[in-house]
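**Student:** Go by the hints and put chain B onto chain A.
Okay, here's what each chain looks like letter by letter:
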Amino acid sequence: MSYVGESAIRIDAVAKVKGEALYPGDFNLLGQTYMKILFANRPHAIVHSIDTRLAESIPGVIAILTAKDVPVNEYGLIMPDQPVLCGPGSNKPYADRVRFIGDQVAVVIAETEEIAAKARDAIVVDYEDLPVVTNVHEAIRPDAFKIHPDRDSNVFGHYRIRKGNIEEGFRRADVIIEGDYSTPVQEHAYLQPEAGLGYIDEQGRVTVVVAGQWTHEDQHQIAHSLNLPVEQIRVIYPAIGGAFGGREDMSVQIVLALAAWKLHQLGINRPVKIIWSREESFIGHHKRHPYFIHTRWGATKEGKVVAAEVELIGDGGAYAYTSTKVLGNATLMCTGPYEIPNVKVDSYAVYTTTIPNGAFRGFGGPQGAFAAESQMNKLAEALNMDPVDFRLKNLLQEGSLLSVGTPLPKGVTIREVVEACAESAGWRFTNGKWSKAVPPQNFERYQHLKRGIGFACSFKNVGFSFGAPEQCMAKIELYGQAEIERAVLYHSGAEVGQGAHTAFVQMAAEALDVPLERIHLVASDTAYTENSGSASASRMTFMAGNAIRGAAQLALEKWAAEERPAVGLFQYRPPRTTPYDPETGKSEPNFAYGYVAEAAEVEVDIETGEVRLVNLICADDVGKAVNPQQVQGQIEGAVVQAAGYALMENFVQKDGEVLTRGLSTYLIPTVLDIPEQVKSIILEYPDPIGPFGARGMGEMPYLPLVPAVTAAIHDAVGIWFDDFPLTSERVCNELKRLKLSA
Amino acid sequence: MLPEFDLVMPENLQQALENLGQRNPGVVPVAGGTNLTVDMRSRRHTPATLVNIEHIQELTGILQEDDRIEIGSCVTIAEILKSPIIAAVAPALIEAARGFANPLIRNRATIGGNLADASPAADTAPSLLVHNAQVELWSKKNRRILPLDEFFVGVRKTVLQPDEIIKSVHVPKTNRPSASSFYKLGLRKADAISVASVAVYLEKKNGACGQVRIAMGSVAPKPLRAYAAEELLTGKHLSLKLIEEAAKLAAEASSPISDIRGSAEYRRRMVFVLTRRLLTHLAEMMELKDW
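Top to bottom, those sequences are chains A and B.
Residues 13 to 754 in my numbering are what the first sequence lists, from first letter to last.
Residues 289 to 579 in my numbering are what the second sequence lists, from first letter to last.
Just so you know, these hints were derived from the structure itself, not from any lab.
Think of the CB as a built atom: it goes at the ideal place given N, C-alpha and C, for glycine as much as any other residue.
Do not take every clue at face value.
With a cut-off of at most 30 Å between alpha-carbon atoms, the simulated DSS-like pairs for lysine-lysine come out as follows [stated by the list, open to error]:
id, chain 1, residue 1, chain 2, residue 2
1, B, 477, A, 691
2, A, 748, B, 477
3, A, 28, B, 477
4, B, 577, A, 30
5, A, 666, B, 510
6, B, 510, A, 748
7, B, 429, A, 751
Where chain B lies over chain A, by a calculated footprint (3+ residues, C-beta under 8 Å) [what the hints assert, rightly or not]:
id, stretch
8, 662-673
9, 736-750
Only chain B is shown next, with the shape it has when bound in the complex:
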């Protein structure tokens, strides 16, 4: 059973920010509620007031700008899955959406909620990280834009202030030939919290590997990039040996724990396997393979 709470239904973003502007930790925004209601039912989180933001116009929709797309924080995972704009700019995010929970949850859960919840296993995070996504944060007094990598602090911790909400997620566009992919390893095919997940973004430059970004989920207190692995590959011709070395560096960058879903050892090994698999797959796709 849910604990009692007050529900505020602001009509626009300004009203919502006014409500949150009291900087009272007992006042929290809610959209899909797929994480929050579970936490409330288990009494892990007992907010006094919920501010319902899910229908606020400024937070919905996917905008095309010249250099980026802006995904409103209340865009649902189901909407992402159907979006040709996102498919063109960030294919890895579509793959993440496809393996996200189940169809019912996907209809309710939002991209903003998935990021704000800051689970190490957040399914959209690795894909957004490799696409150099930024989050636009608004409060009554302040607006700021942060790289997603700086948004996460630790297990279910972010830099989000009590009076702030995620307004949108920016995903930059590129003219350079690029591709991205995501793989989630779960204990089953739906409704599974990932054991480990990896996303890879790859650009092609002068027949070799241009910019490359690798991100991992469920293998550290927060979703994180594998910078050393990225560095190793940038500007190189991709041999299987090099890919394997990069995958090793990614595994070394992870710091998984053992829990009921899997051991730290297995998770680290899976970072290696999945990174190698995605890099190989993208290198083949981009005709970058040097083997």
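Next up, chain A with everything else stripped away, as it sits in the complex:
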């Protein structure tokens, strides 16, 4: 019986459909208190004093905590550069500053949410405003105001790649295309705003029930800030309403734990509850990085790309979050899945006093892909070549060297996905080259509607990159006598809505050859489950699958040796990766990849500027679709999210303030805005080291969408857009400027 490859019904489906699944905000305990956070609501200032006397005098207020109450007042996923609470009396330098409007200044714990809100508003803070630095090109200058005075400059990350001889490359080029691209901020807009419950459990552990992406990292960061041993912190994830990278950094985790712990120290053993409003969520968690990319590519008239020079600047916002890792990815992906002999890349991550930017589906890949694929499409046009045919002359193959001077891991299938996608979108291979057989059809009756088709492809890493420690653990217990009656799988991997837990159970059933219904999953509770790494980097199925297979094998060996229960605990470690060489960038960046290609058909209303995504074809090599229905869901979800990024989502910030503070002004696609058809072509070329051949795939379909859409718009109306979102007004203005509209 095969369990991997079946579209098994999700193990959380019934509870979610019936409304019985509990999300962090649904948990209540007897005697719980309520917490509200005082956000800075100003972009950059020194906090001279915080007067809580009036607030504390309000009946029902239990405690108010400020910087002086935080044992170790710093945190951060990559580097601890953010105060837990900003203000005087902190034990870390420069923690008396707020650096974006969502910095947290105080937390109020009270008998009711209303009292907590009232007391929050009664806190008097004396601020001294500092210069607001929102323009990344100004922030990068050596004389710019230093947002973190303990650092030399606002640049906190830099990579360089030097491959071949860039001048020689450009000398060989017959055509050179230069472009300046910029990509916008994007909000994750998950259904469930941040929420949680903090309490001291029966074993004295400071416990938080929250939504996150990596239980054990949350646990470590809480332990660090509270100055408590890791074992004294417990993190539990219940049902999670979406994440997309937006829960990779802390939101309510540390302050909830801090509040529960401080109350406990005061002799008050009551749980603390918090639920953020949508507006608090919008200003309180990070966004997708805006990138500014200047790039120059050269190709020969035979269609070989011979040189690519790129400068990337990523706006990190007020704190590092995952900016340096995102930058690492963008640095690799900004030259696309192509073998280019001469490459020069310089990339920078820069602080500004805006909302921090961090992890978001694609993790630097979409920004890099937008520049790379736009360059490829423009080069194809300049060479009078078909964009698919041109790509196929340059794609990475087995053994070809990346920009960082090393080959991809075995199992390179970018050619296969490009051909599958092109064929489905109407391209044909005749007389030795690929060309579009069917041009898009315009309607005679509607002269203002112009259709076009665009193409793009991408590669995306699976798992942590560039030498970051990477591992995943799983434990399996087998119960029964003659046959396995019950198997218990312990795993920390976060079910953020993507279907990971169902995939875990399917892979365990397959590895044990035990029916699905006999697998019992204990998930995402640091008291019971071991470190699995994060639900990010398209890694969960790949990493968890290998860990589960290892644990199953160990458990089955013990089962055969008559141990009851038979227990297997396994840690999977993938092949080692290495960091960028500081001078040349030489590295072995990743241990696995996924490959994807997309063709988009759009319709442009040349009078209003409205762009409609009519059809989308996505060919994605997933190695092995553990659950094909869930794979299709991930492809469609990624495409819709990327379509919002391309055409609609417009996060407006001015002087460090946010003008789009909710879902009525920050618009995301509705069901009526999504493409009429998304065709998922699921390819299954096994990854040599993937579990059952599986590759990661959660992010891949996101990457090529924007450049495919801009290429389609170019096909329709002859304009290249090098920035987005392509709102109607933006498109209309450009059509008007170029006199292409009536």
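**Tutor:** Relative to chain A, chain B alone:
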């Protein structure tokens, strides 16, 4: 969270009017509540007492009279969308209902509420304006009928007195060959506040354009008619050049602002584009095109 309020549940129109007759601005009627509850949650509006009128018989249903239809003020947008009577008399209103918010909101929101809220972007207003709709206003002491054009005063302001409610909306019927259409330009296909909207009503008379009415939304403090454009077209044969001139006059009659949804310049341009598009479309439909 909603602020606290008293809720009154009158059994009939008389009781409702009695409640509102105190002329206390803290007492307001509520039907679908799709605007009011949002305003209350944000504390933009904190009425002490809500008078629930949504089930009052006299305010529901769509009546056929000889010369007009009367749409009860508590008729929902979803009911409008399904009404063959309205489809026959005012097709533009059906188009407006189709693009109104989303299916859930359409099930709750009422035509009276949409007009009383008097947003410049009110989706039903332009269509009703081009159909020469009137509003019938009732209070405890008084009843009056006003052209819809005189009902709106400014941004979220109407002539409605604190003791008055909209009883119904009258849409006149015509025997002359006519057609109407509406176009809403939003930033997405559902749940969008319009950036600009235009409705056009056209009659055919002796092979030329008879009465014509053009109305616009989201491009002025209130939904408004483009009288100069209408005048230009009345009695004329419709050439593309004439249509374009009329569309220009409509754009000139608008006075949009720039906000987070769009610039004044874009909005004015869209009035031109949408007016031209609707006029062209209706002229083709009515076999009035002279090109």
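**Student:** Hint by hint, note whether the structure agrees.
**Tutor:** Results of checking the hints against the structure:
1. 477/B / 691/A: holds (22 Å)
2. 748/A / 477/B: At roughly 23 Å apart (the allowed maximum being 30 Å), residue 477/B and residue 748/A satisfy the hint.
3. 28/A / 477/B: holds (27 Å)
4. 577/B / 30/A: violated (56 Å)
5. 666/A / 510/B: Distance of about 29 Å is within 30 Å: holds.
6. 510/B / 748/A: Measuring from Cα to Cα gives roughly 28 Å; hence the hint holds.
7. 429/B / 751/A: violated (60 Å)
8. 662-673: Check passed, 3 qualifying residues.
9. 736-750: This one holds; 6 residues, not fewer than the three required, reach chain B with a Cβ under 8 Å.
Hints 4, 7 from the list above are not met by this structure, while the remaining hints are.
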